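Participant: Residues per chain are reported as follows:
There are 2 protein chains.
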Amino acid sequence: MSQTPQWVRDLKPSGPQGSELLKEERNASNVNVDQLATFLHTKDGRERKKRILKVLESEKAFDKSQNYFAGRIDRFETALKRAKRLRQLYVEQNWGTEERQVANELISEPLPYGLHESMFLITIRDQGSAEQHQKFLKPAENYEYIGCYAQTELGHGSNVRGLETTATWNPDDKTFTLHSPSLTASKWWIGSLGRMANHAVVMAQLVIAGKRYGPHPFVVHIRDMKTHQPLEGVHIGDIGPKFGYNTMDNGFLLFNNVKIPHIGMLSRFSSVDPKTNQYIRPSSPSLVYGTLTWVRSTIVMQAGGVLARGVTIATRYCAVRRQFQDRDAPEWEKGENQVLNYTMVQIRLLPLLAATFALHFTGKGMMQLYEANNRKIRQSKEASKDHARGAGPEETESSSDLLSDLHAISCGLKSLASSTAAEGLEVCRRACGGHGYSSFSGIGSYYADYLPTATWEGDNYMLTQQVARYLLKSARSVLKGNEPTNDTTAILSYFLSRQDQGAAFDILGDDADVVSAFAWRSAFLTFEALKHRDEQKRSWNSLLVDFYQLSKAHSQYMVVKSFYETLQASSTSSELDPDTQGLMHKLFRLYALHTLESEASEFYTSAAVTVRQIQLARSSAVMKLLEEIRPHAVRLVDSWDFPDWQLDSSLGRQDGKVYEDMFYRASELNPLNRVTVDPYPNSETLFRKDGSGELKSKL
Amino acid sequence: MSQTPQWVRDLKPSGPQGSELLKEERNASNVNVDQLATFLHTKDGRERKKRILKVLESEKAFDKSQNYFAGRIDRFETALKRAKRLRQLYVEQNWGTEERQVANELISEPLPYGLHESMFLITIRDQGSAEQHQKFLKPAENYEYIGCYAQTELGHGSNVRGLETTATWNPDDKTFTLHSPSLTASKWWIGSLGRMANHAVVMAQLVIAGKRYGPHPFVVHIRDMKTHQPLEGVHIGDIGPKFGYNTMDNGFLLFNNVKIPHIGMLSRFSSVDPKTNQYIRPSSPSLVYGTLTWVRSTIVMQAGGVLARGVTIATRYCAVRRQFQDRDAPEWEKGENQVLNYTMVQIRLLPLLAATFALHFTGKGMMQLYEANNRKIRQSKEASKDHARGAGPEETESSSDLLSDLHAISCGLKSLASSTAAEGLEVCRRACGGHGYSSFSGIGSYYADYLPTATWEGDNYMLTQQVARYLLKSARSVLKGNEPTNDTTAILSYFLSRQDQGAAFDILGDDADVVSAFAWRSAFLTFEALKHRDEQKRSWNSLLVDFYQLSKAHSQYMVVKSFYETLQASSTSSELDPDTQGLMHKLFRLYALHTLESEASEFYTSAAVTVRQIQLARSSAVMKLLEEIRPHAVRLVDSWDFPDWQLDSSLGRQDGKVYEDMFYRASELNPLNRVTVDPYPNSETLFRKDGSGELKSKL
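These protein sequences, in sequence, are chains W and Y. When we follow the UniProt record's numbering, the leftmost residue of the first sequence carries the number 1, and every step to the right adds one. When we follow the UniProt record's numbering, the leftmost residue of the second sequence carries the number 1, and every step to the right adds one.
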């Protein structure tokens, strides 16, 4: 379609070229990108990514060149095509879970099978009986059943107990009746439901003989297998466009007394006995808990990488973009200054760069903790089976104690990590100046697609109450004189024992002391909250803001601690050369001190640090770290190892050809440029799509 | 298109209904909405809005029902249709500037004539000679010339001096040659250029006999008047999709040695003498300055209303939405709690509600100051004309001093106000929970369209340097012992005089003291910055972060002071009843104390307040204010007086029928629901658009 004249094609950006600037950046730093990338992603992980990238890049279905231009329906149609082709590739290429995940990350848009492949399959697998696996899981794994997970309702989000949809047991014909008693009972936001699913796992209030037993999962057939039309008594549709995630058909679903057979209720943990018509209680309610904890841990794990995309794009572009001269620069250095040299840009980007590593290491730690705990639970289960009717309860108690510890940490970290990533992406977009607003920056749409992560799997505000509840419980236990059993109770005990002597943390000189200062603040806020609640008997509602702050404080402590421990680990010193270790150490300090300074008032009030220390933390320590890290910024983002194909960003191009790419996309790929308008107000023509330009204007 | 079955149409949301809840809210507050609305918008303003709304609502072209669904090209086409019809209405209804502005605010989307009607006309009017008015302005006002204002380039945003496009004077044939020497010289982001304009005001470096004279404005004919095709040597196009603003054709523009006549250079202030081929210097460079100051003042003025849209939607929805029970609620109060009752929601929304009023009053004050200053400038001009060859310089000096004062304030306030509005809108969107993510919330697209305001008319970060520069200059003058001449130098002098005795502000008891505490902190930071720069000789670049904080501190002081002064004004006590005045007073305290607490560490360090005061500010003062303002929240947002048609939001409906409207839009208006997909991976069909549902699936 190019009508670009030759004289335009001959134009280059004015020098120095972006490619030269990035080359200079890379020459000025000794970070071993290959080594650091392998440290972050492992050798296997990197090879896998390369292999899959090669396959996807060569497939026409995954051509991204029109992504930013298409409207909702076209984007959904393209996404459907991609989803189908991707499923075929899973089979052709024999891709397992890890490969599938990498492929989805490279494609970087939500695909319409998304909820079928995740929550639908997982729920049936985890909560279905062997018979149900045979009946539902097999056709679902073959993509004959296309499913979704229908929990949220129009009037009910976080509060699962408030769901209105009912599943009433009919003792006569041994069926359940699914019903939506009101408009607010409509299932809403359900991914892969709007246009795709022919089956749904529906969370509904189980009702037996007029009594409610709370929400349970039911597999319901919702669309005809041949015509794909909704079945009788089922009303389904797409809920309409959203701020992002528009390649997904989030849907709504209403039931008008729809009957399903007894086998529809997923019965691994609880069920209805068809003979006695009695409810059978769940054997282990904490297992459902476990899945949520795992999902939250993966969100923490991914948050570092999510944020790293934005930081990569903004850092590269700020090294290419030049604007104004340095006011103090000598006459002979007349050229415009790289934007990345301005401290106002550094203070926005480099702490986020540090946060990418901090979140990555924290997430890794969480996943390991989760797996270690899972092993313990399995062991204690075996033990309790051995003891049979004898011991039981205690073991279950202790393993669920471990789980509730991990659960609380995962809540707080999920909230902190996803908020940091979402807000950080927007900071990165703005750090790109005006061009950050162009779709070609690649940050805006990614940010918009990521935003729901702050709401799903536990709203980021709601979750902080669970962290606070757990910390209050731990504090009460410590106050009773119980010995510390984990890190949380240990820092609370330490605080109690030192409370009257006060703290004297050398935050500017000693890294372990930085971690301790974060621990101290978290413990201080915990006991403050406890005083408000238990002594002053203040209402729960009046303390929500305190709880939010407390959860954030404790989670920041966890992140700082994880980062510190990673740097202490022997694997780190064996896998990274000393210079890179030193740089990671500076990133740790930048993350910690910048966070400390942003939350300064809590650090004062807890007397963890002095006013003078905070002043120094910013005016000397943080500013100096920015200066020291600045020369390595481009290589550090390089080590996140994002292929251009994945970023799909003009500004974040690895080769620095920012302006050429912006121009190419605008001038050559942009379909609006195929249209000639009639610009005069009183004519009847609006558009000429043939490009001839002959207008019936009134002039 | 409705295929909604009868049983679905019979469904209602579960009780209590949103309409009942909003009615209760309104019954529980005695705010006189009508009175407050008139105080905010004046009687004339409100009647004008009603009148125009009635016209627009009855016009088919302005039907908004498909706004959220359409893709870029369709949206642009609709916007073009609307722009044309709106122009016809201007003429038919004889609408002046104020009416036009109201109409655009009600339509609430950028329209393709936008830059023609603003910057193109304004620039020619302000900077053109009488002859140029005749030649360019007349056809432009008749919409025969459709224009744009082409300043920003692909490689040059804020730094206007760095523009690459040249306009070289040809002494032989008395023409200018417009040329783009590189790709980065391409004009970029130019509103109304991509598809619309046939003329452009182009900012280009004036070159005479090899010497550069800096950027000047040239009117250039760029597209054929009949075929609308680009003229020879001109390359134009739309720059592609953006995060928002997609109903506007922001464009690019390149010149390959295009000649324009001498009259093309707008010559009111500077020009090229065609006889001598000499440059004629501008008579008054500060006038261009003036336009920018005015534009920034309007941004401050509008920021309150922009934010109020989000706050209105979120407040109403949070009064309708119920989630969870209050943990401490007695058994007999079993229902779910209105989300607006949770303190964690209040702390996010109510300070923003207070900010809407704070920004509105500040903006109003700015506009008055601007007009007062303009009068003074005009007077001093007259005076200097009278003195003719005698006095001149001094008067110009003093009037431009006034202007530079106002200029600095407008920079800082523009930055603070637009950042507050943009970030506040996103807070409002998230306060709506999951549904905030739906396009039907009405916040997302509005936020996305508003975002560029943080970048244009001076990047919000860059601008803070100008404020700092001005404050440093004022501080130097005060240090020299000069008498205070305005408020800025007055607060700096006061600080100097009291520095050794320290401050003792009763921020919890006395409102004037709250304002003084803000002034104290601003003065403290000014002298700190001055010390760094003048005594310690630190580089400008190393101080950018300090300057940013300083500018924010000073601007927050200005806002707090404006709000305070508005409450003291006699017009306020005559126009508002005592209860409403009392409530506005609480909103003032909430805005001030919440800001103070968020910036706590600067207030400590400056010793404006004690740690104990800050602790009390939050734990008692702010929390108590939230409780006191909460019952009036819905009536307070009602007084912003937004018609539903303007908000176009399911969540923000005046009548509380939130869920009905969400459902209606999703189920009835959503074009994706007209499509039947083939969901199976190995079939060849993707979409059936006829809705028959007969699929050629392989099953």
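In case anyone wonders, no lab produced these hints; they're calculated from the structure. Remember, it's a predicted structure, so these values are computed and weren't measured experimentally. Errors might be hidden in some of the hints.
Heads up, simulated EDC-like pairs for lysine to aspartate or glutamate below, C-alpha to C-alpha not over 16 Å straight-line [stated by the list, open to error]: (1) Y/Lys689 <-> W/Glu77; (2) W/Lys226 <-> Y/Glu684; (3) Y/Lys537 <-> W/Asp328; (4) Y/Lys689 <-> W/Asp74; (5) W/Lys624 <-> W/Asp655; (6) W/Lys81 <-> Y/Glu575; (7) Y/Lys81 <-> W/Glu684; (8) W/Lys537 <-> Y/Glu684; (9) Y/Lys12 <-> W/Glu164; (10) Y/Lys226 <-> W/Glu684; (11) Y/Lys43 <-> Y/Glu575.
Now the stretches of chain W that chain Y is said to cover, found in silico as 3 or more residues with beta-carbon under 8 Å [claimed, not checked]: (12) 65 to 77; (13) 149 to 155; (14) 237 to 251; (15) 299 to 310; (16) 668 to 678.
Quick reminder that beta carbons are idealized off the backbone N, C-alpha and C, glycines included.
Participant: Please go over all the hints and tell whether each is borne out by the structure.
Facilitator: Consistency of the hints with the structure:
no.: 1; hint: Y/Lys689 <-> W/Glu77; verdict: holds (11 Å)
no.: 2; hint: W/Lys226 <-> Y/Glu684; verdict: holds (14 Å)
no.: 3; hint: Y/Lys537 <-> W/Asp328; verdict: holds (11 Å)
no.: 4; hint: Y/Lys689 <-> W/Asp74; verdict: holds (12 Å)
no.: 5; hint: W/Lys624 <-> W/Asp655; verdict: violated (29 Å)
no.: 6; hint: W/Lys81 <-> Y/Glu575; verdict: violated (63 Å)
no.: 7; hint: Y/Lys81 <-> W/Glu684; verdict: holds (9 Å)
no.: 8; hint: W/Lys537 <-> Y/Glu684; verdict: violated (65 Å)
no.: 9; hint: Y/Lys12 <-> W/Glu164; verdict: holds (13 Å)
no.: 10; hint: Y/Lys226 <-> W/Glu684; verdict: holds (14 Å)
no.: 11; hint: Y/Lys43 <-> Y/Glu575; verdict: holds (12 Å)
no.: 12; hint: 65 to 77; verdict: holds (count 9)
no.: 13; hint: 149 to 155; verdict: holds (count 3)
no.: 14; hint: 237 to 251; verdict: holds (count 10)
no.: 15; hint: 299 to 310; verdict: violated (count 0)
no.: 16; hint: 668 to 678; verdict: holds (count 9)
In terms of the numbered hints stated before, the structure departs from hints 5, 6, 8 and 15, listed from lowest to highest.
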